[in-house]
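Peer 1: Sequences and hints are given; from them, build the entire structure.
Going down the list, the protein sequences come from chains A and B. For what it's worth, the working numbering labels the leading residue of the first sequence as 1, then goes sequentially. For what it's worth, the working numbering labels the leading residue of the second sequence as 1, then goes sequentially.
Please keep in mind that the hints were generated in silico from the structure rather than gathered at the bench. All figures in this text were calculated on a predicted structure; none of them were measured in a lab. Note that the Cβ used here is the ideal one computed from N, Cα and C, for glycine as well. Some clues are possibly wrong.
[Said to hold, decoys possible] Which residues of chain B face chain A? A partial, calculated answer using Cβ under 8 Å:
(1) S31
(2) F47
(3) I117
Spelled out, the chains give:
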Amino acid sequence: DSGVTQTPKHLITATGQRVTLRCSPRSGDLSVYWYQQSLDQGLQFLIQYYNGEERAKGNILERFSAQQFPDLHSELNLSSLELGDSALYFCASSAQDEYNEKLFFGSGTQLSVL
Amino acid sequence: AQKITQTQPGMFVQEKEAVTLDCTYDTSDPSYGLFWYKQPSSGEMIFLIYQGSYDQQNATEGRYSLNFQKARKSANLVISASQLGDSAMYFCAMRERYSGAGSYQLTFGKGTKLSVIP
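Peer 2: What follows is the structure, encoded as structure tokens:
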């Protein structure tokens, strides 16, 4: 158990809808990262928050947004969903934001857009 | 250019044999970290081993060792005495400074699917 909790584990929805994925980092970790894993794109970094503030943006679509709350949990909001958004979405956390820190991953949310 | 290259999409190894999974990386940052993660069919990402850019010795964690050749920019994972439970996807990843910002991001390779044969 990595200590990172993601809910829900599975999500099935229709095109055009909006969903929210939730992540609780390991206790004490300040950095939260969101990744998308799909067969064609592999593991892609989406966005990072550090102690409540956005720190870095990756390949995140404008239809997607995220935030980190004062208790450090984070939510990823996906709107106007398309079939191509179907993927495994991971949340990860680390204590700080250093090159020598490993990321602890949650078990992921499998999103299926029908 | 690819930051992390894993040239072996799939590998087979006999149980109890050793196997090497290749990884090359590209960075101009002097401070970086190299990581290997395992993803079994259940989907979770499991950390295996870490090597820092300034580390002189190759990292080892139980049956896992990292063959770090800095001049060649390679960080191959060696699994000794393979077990059936080692069958999984293996990802090499590098953490480096991200786009001049004050953050360090982890970039993954495309992975190698390892199958252990009884």
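Peer 1: The structure should be examined with respect to each hint, and the outcome stated for every one.
Peer 2: Now the hints, each set against the structure:
1. S31: 5 Å, holds
2. F47: OK, holds: B/F47 within 8 Å of chain A, min 5 Å.
3. I117: 24 Å, violated
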